Amino acid sequence: MIAFLIFWPLLAGLILLVTRFDRAKELALAASLAELAVSIFIAFQFDKDAGNQFSLTLSWISSLGINFSVALDGISLLLVLLTTGLIPFIILSSFGQPTRPSGFYGLILIMQMALIGVFVARDGFLFYLFWEMALIPIYFICLLWGGEGRARITLKFFIYTLAGSLLMLAALVYVYLQTPAPHSFDIEALYTAGGSLTGAEQSLVFWGLFLAFAIKMPIFPFHTWQPDTYAVAPVQGTMLLSAIMLKMGIFGLIRWLLPMVPLGITQWGPTAILLSVIGIVYASFIAVVQKDFKRLIAYSSIAHVGLISAGVLTLSKIGIQGAMIQMVSHGIIVFSLFYVVEIIFDRTKSRALTELGGIRNVAPALSSVFLFILLGSVALPLTSGFVGEFLLINSLVKYQLALGAVAGITIILGAVYMLRAFQKSMSGESTPKTSVFHDLTLQEKVVLYPMVLLVILIGIYPGPIMDISNVATDNILKVLSDFYASTQ
Amino acid sequence: MNALYVVCGLAFVSLVAEIANYKKVLGAAIILGLLIAVGLAASDWDTPLHYFNDMVVFDHFSIAFTALILFISVFWFWMSGDYFRRQSHQTDRSALILFAITGAVIMVSFNNMAMLFLGIEILSISMYVLAGSNKESLLSNEAAFKYFIMGSFATGFLLMGIALVYGATGTFHLSQITSYISIHSGELPAFFYAGVLLLLVGMAFKISAVPFHFWAPDVYDGSPVTITAFMSTIVKIAAVAAFFRIFSGCFSSVKAAWSIVLTVMTLLTLVIPNITAACQSSVKRMLAYSSVGHIGYILLAFIANTESSAGTIYYYLASYAVASITAFAVLHEVEKSNPANVSFSGLFKRSPMLAVMMTLALLSLAGIPPLAGFFGKYLVFSLALQNGYGSLVIVGIITSLIGVYYYFRVVSDMYLKEATNSPIELNASIQIMFCLLVILILAAGIFPDVVISILASA
Numbered sequence: 014m015i016a017f018l019i020f021w022p023l024l025a026g027l028i029l030l031v032t033r034f035d036r037a038k039e040l041a042l043a044a045s046l047a048e049l050a051v052s053i054f055i056a057f058q059f060d061k062d063a064g065n066q067f068s069l070t071l072s073w074i075s076s077l078g079i080n081f082s083v084a085l086d087g088i089s090l091l092l093v094l095l096t097t098g099l100i101p102f103i104i105l106s107s108f109g110q111p112t113r114p115s116g117f118y119g120l121i122l123i124m125q126m127a128l129i130g131v132f133v134a135r136d137g138f139l140f141y142l143f144w145e146m147a148l149i150p151i152y153f154i155c156l157l158w159g160g161e162g163r164a165r166i167t168l169k170f171f172i173y174t175l176a177g178s179l180l181m182l183a184a185l186v187y188v189y190l191q192t193p194a195p196h197s198f199d200i201e202a203l204y205t206a207g208g209s210l211t212g213a214e215q216s217l218v219f220w221g222l223f224l225a226f227a228i229k230m231p232i233f234p235f236h237t238w239q240p241d242t243y244a245v246a247p248v249q250g251t252m253l254l255s256a257i258m259l260k261m262g263i264f265g266l267i268r269w270l271l272p273m274v275p276l277g278i279t280q281w282g283p284t285a286i287l288l289s290v291i292g293i294v295y296a297s298f299i300a301v302v303q304k305d306f307k308r309l310i311a312y313s314s315i316a317h318v319g320l321i322s323a324g325v326l327t328l329s330k331i332g333i334q335g336a337m338i339q340m341v342s343h344g345i346i347v348f349s350l351f352y353v354v355e356i357i358f359d360r361t362k363s364r365a366l367t368e369l370g371g372i373r374n375v376a377p378a379l380s381s382v383f384l385f386i387l388l389g390s391v392a393l394p395l396t397s398g399f400v401g402e403f404l405l406i407n408s409l410v411k412y413q414l415a416l417g418a419v420a421g422i423t424i425i426l427g428a429v430y431m432l433r434a435f436q437k438s439m440s441g442e443s444t445p446k447t448s449v450f451h452d453l454t455l456q457e458k459v460v461l462y463p464m465v466l467l468v469i470l471i472g473i474y475p476g477p478i479m480d481i482s483n484v485a486t487d488n489i490l491k492v493l494s495d496f497y498a499s500t501q
Numbered sequence: 073m074n075a076l077y078v079v080c081g082l083a084f085v086s087l088v089a090e091i092a093n094y095k096k097v098l099g100a101a102i103i104l105g106l107l108i109a110v111g112l113a114a115s116d117w118d119t120p121l122h123y124f125n126d127m128v129v130f131d132h133f134s135i136a137f138t139a140l141i142l143f144i145s146v147f148w149f150w151m152s153g154d155y156f157r158r159q160s161h162q163t164d165r166s167a168l169i170l171f172a173i174t175g176a177v178i179m180v181s182f183n184n185m186a187m188l189f190l191g192i193e194i195l196s197i198s199m200y201v202l203a204g205s206n207k208e209s210l211l212s213n214e215a216a217f218k219y220f221i222m223g224s225f226a227t228g229f230l231l232m233g234i235a236l237v238y239g240a241t242g243t244f245h246l247s248q249i250t251s252y253i254s255i256h257s258g259e260l261p262a263f264f265y266a267g268v269l270l271l272l273v274g275m276a277f278k279i280s281a282v283p284f285h286f287w288a289p290d291v292y293d294g295s296p297v298t299i300t301a302f303m304s305t306i307v308k309i310a311a312v313a314a315f316f317r318i319f320s321g322c323f324s325s326v327k328a329a330w331s332i333v334l335t336v337m338t339l340l341t342l343v344i345p346n347i348t349a350a351c352q353s354s355v356k357r358m359l360a361y362s363s364v365g366h367i368g369y370i371l372l373a374f375i376a377n378t379e380s381s382a383g384t385i386y387y388y389l390a391s392y393a394v395a396s397i398t399a400f401a402v403l404h405e406v407e408k409s410n411p412a413n414v415s416f417s418g419l420f421k422r423s424p425m426l427a428v429m430m431t432l433a434l435l436s437l438a439g440i441p442p443l444a445g446f447f448g449k450y451l452v453f454s455l456a457l458q459n460g461y462g463s464l465v466i467v468g469i470i471t472s473l474i475g476v477y478y479y480f481r482v483v484s485d486m487y488l489k490e491a492t493n494s495p496i497e498l499n500a501s502i503q504i505m506f507c508l509l510v511i512l513i514l515a516a517g518i519f520p521d522v523v524i525s526i527l528a529s530a
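For the protein sequence lines, the chains are D and P, in the order given.
For the first sequence, the positions run 14 to 501 when this note's numbering is used.
For the second sequence, the positions run 73 to 530 when this note's numbering is used.
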């Protein structure tokens with residue numbers, strides 16, 4: 014089952030890459046829908062009261078203690094569902110045909126393989142391998158189908174993130190070398206070995222891992238690659254990066270950082286939280302004055318991710334549970350927002366907020382969809398955004414009141430910049446660019462309506478998501494509490 | 073040993089091909105012969121055989137490296153058939169190459185300093201001639217001359233080193249030198265250490281470690297592409313193996329005398345060529361500098377664990393050689409299509425296959441998983457971390473990132489820039505070769521255990 018989840022998109026993607034189908038989009042869509050069906054089937058088989066399920070371990074590079082070891086727990090399952098759920102819509106969201114469609118959709122499917130691999134890996138080396146393999150397709154998607162200045166910007170993005178991942182690899186190898194000989198990359202062995210390190214060593218490992226995750230998310234001040242890359246990438250690339258790929262960073266924090274270096278966390282966690290909170294405020298202020306619609310959403314994404322990371326680092330259950338809900342919700346919302354921007358760009362050839370306006374008069378359906386998504390983004394009660402942000406801010410307030418209060422302000426700032434974007438684009442007088450504007454097509458409705466529905470559904474009834482990740486969250490925190498108990 | 077006979081025989085067969093008039097089948101015959109030689113080398117496995125009064129030994133180490141050299145040679149002949157056909161003196165050239173391979177095989181299997189010297193000279197003299205084999209080109213002549221002067225200079229160091237070590241220990245045999253050192257440790261004369269250092273310098277010239285690398289970029293750049301490919305794969309493998317054999321097998325017990333020098337050389341070899349490569353605009357020159365840079369990673373593994381780094385170095389060299397020969401094969405095809413204007417801009421539009429091959433080769437050289445080059449770097453870094461060379465690993469990581477920068481610049485040029493030349497047609501044989509190379513690059517990266525285990529215990 015789980016092997017199918019990983020290898021099916023790889024196979025389909027490779028077939029698309031080496032062949033040249035004119036109907037590549039339909040084929041890729043079919044492949045990703047099959048993947049979605051299997052993942053939903055797995056979700057129904059999933060026992061929410063148990064830890065790891067569907068485990069699969071194959072001996073791989075035995076001389077180095079590396080196994081192909083994968084399994085699903087609640088945290089993995091949610092992110093796998095997010096991936097398999099969004100990819101069909103990302104494929105569906107493209108207008109017309111990109112040049113060389115076969116290659117484009119093939120790379121998206123290979124990307125899906127790597128993303129799922131990251132979320133299910135139970136072996137440090139395998140995790141790194143998938144982590145890096147996710148970078149190659151997205152690099153080529155941005156390079157080959159991106160906009161102005163892509164060669165320089167994508168290279169910066171690639172080297173920046175690669176630098177982070179190499180540090181992560183060095184940190185993982187460092188811990189791996191502490192496991193009893195013959196060494197092993199198994200996640201449990203790495204937890205034990207990481208915990209046995211001295212405080213100073215754990216701090217080093219903490220920074221090696223944290224930098225990789227912080228660059229991926231990104232967290233202030235490691236975010237400088239992000240706005241340019243989001244702006245230059247084709248919209249499907251931006252969606253992959255923001256809706257799914259940045260979750261790799263948060264997932265890494267929860268699964269690989271927290272339980273591996275408990276002492277490192279107690280020493281450096283506050284610094285990391287502080288950076289996250291600074292990032293929230295900083296990105297929000299930039300978003301408020303941003304004129305480019307796509308960049309505005311890029312900065313809003315930095316703000317949201319900062320809050321998630323701060324919540325996770327409080328080491329509290331509500332923080333991690335809030336992060337899980339917010340990851341799913343943010344994925345759905347940011348995907349929809351970028352799609353709305355792309356629809357507007359498709360009609361007007363403009364992303365500048367100053368050139369837009371009055372779209373509500375000519376495209377009521379688009380306008381209402383945008384409003385719903387936007388309300389989710391600003392965390393209005395009864396939307397998915399509210400549940401997550403509430404839990405996250407709650408965890409921060411319990412951790413430290415002042416930080417919680419500062420983070421709480423972002424909700425207001427978020428409302429400011431999102432409502433400003435709505436006002437500038439949707440209301441007011443029509444501009445020359447927006448006077449001729451046709452409303453949502455059937456294909457766009459098929460993509461956006463389910464997203465609106467999900468935003469509301471999760472907002473009203475977040476229970477199932479909390480249930481799925483409940484046991485997995487407890488297990489992560491148990492590793493930590495056991496460690497702290499044993500050292501006292 | 074039988075492999076050595078076969079290669080030698082092939083060289084003579086190709087020498088007389090002009091007279092006996094079977095030039096047309098020569099290329100196929102050589103490839104077939106080399107494949108047989110690979111098989112013969114493999115059949116010697118686990119039978120440690122000593123020949124000529126212990127002058128050469130075919131232990132696991134030398135068989136593995138012999139097989140690698142012959143295997144890469146097969147691909148080399150495959151990709152460069154055109155180099156022989158296009159110009160005159162086909163038979164002389166292939167004979168010279170085969171003699172060079174003979175020298176390379178001796179360099180990985182010697183057990184006696186005299187044999188080392190013979191191997192190096194057989195290899196080098198052939199290469200001096202071949203570097204200048206593009207007679208009309210000024211650069212090619214310069215390359216040959218420079219290579220010859222610098223090579224002879226290095227040989228002088230080497231010979232002096234061998235002489236001094238002989239003076240101190242009274243023998244040329246590696247095993248006897250080793251035992252002499254261990255018995256007389258502490259009472260070795262000062263000129264013995266001078267000899268070891270002279271040998272280090274001589275070998276550093278041959279593997280082109282900084283600061284003895286200055287000949288390499290000009291020679292690589294000036295020689296015909298196929299010869300550059302040969303120098304940066306087969307010659308490099310042989311030189312590194314010879315280096316390993318002397319310094320790991322023979323002088324590891326006096327590591328204190330040379331380890332600081334070699335550490336500094338490692339650091340320089342990591343940093344300088346990679347930075348210089350980033351400043352090059354010609355792909356051939358960039359590849360030349362990057363091939364010097366890769367020596368840095370090999371030296372890092374060697375300095376970190378002199379005794380048991382054979383498996384790591386072997387894997388690194390194998391992955392590097394396969395990726396390198398792929399890159400040079402692409403370069404050769406590109407140059408062939410338009411010798412006046414060798415440009416990678418828009419290569420994807422001219423020949424998608426070449427562009428994809430070059431991309432894979434460069435990704436592997438840059439060390440991007442899941443390709444073979446990544447695993448090579450991984451093994452090197454983890455070996456160095458294990459032995460407390462964390463700071464050099466950080467340097468290595470940074471230079472790898474610089475590597476990504478200059479490799480990926482070529483990649484983005486191939487896809488983004490407009491094509492300036494006409495499309496390139498590939499013949500079927502070259503296409504098959506590229507498919508095999510892709511499979512090798514991927515398979516070695518996904519199943520590294522197969523290659524690592526060959527020399528794991530050596």
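None of these hints come from the bench; they were simulated from the model.
Owing to the predicted nature of the structure, the values given are computational and were not obtained by experimental measurement.
Hints should not be assumed to be uniformly reliable.
One-sided excerpt, in silico: chain D residues whose CB lies under 10 Å from chain P [what the hints assert, rightly or not]: (1) F143; (2) R163; (3) I172; (4) L182; (5) A418.
Each computed DSS-like pair below joins lysine-lysine, with the alpha-carbon atoms no more than 30 Å apart [stated by the list, open to error]: (6) D:K446 x D:K330; (7) P:K489 x D:K362; (8) D:K362 x P:K421; (9) P:K327 x P:K207; (10) D:K304 x D:K491; (11) D:K446 x D:K61; (12) D:K169 x P:K356; (13) D:K458 x D:K446; (14) D:K61 x D:K437; (15) P:K95 x D:K169; (16) P:K489 x D:K169; (17) D:K304 x D:K458; (18) P:K218 x P:K96; (19) D:K61 x D:K362; (20) D:K169 x D:K304; (21) D:K362 x D:K491; (22) D:K362 x D:K304; (23) D:K38 x P:K489; (24) P:K489 x P:K96; (25) D:K38 x P:K421; (26) P:K421 x P:K95.
Idealized CB from N, CA, C, for every residue including glycine.
Fill in: Structure-inconsistent hints, enumerated in ascending order
5, 6, 9, 10, 11, 14, 15, 18, 19, 21, 24, 26
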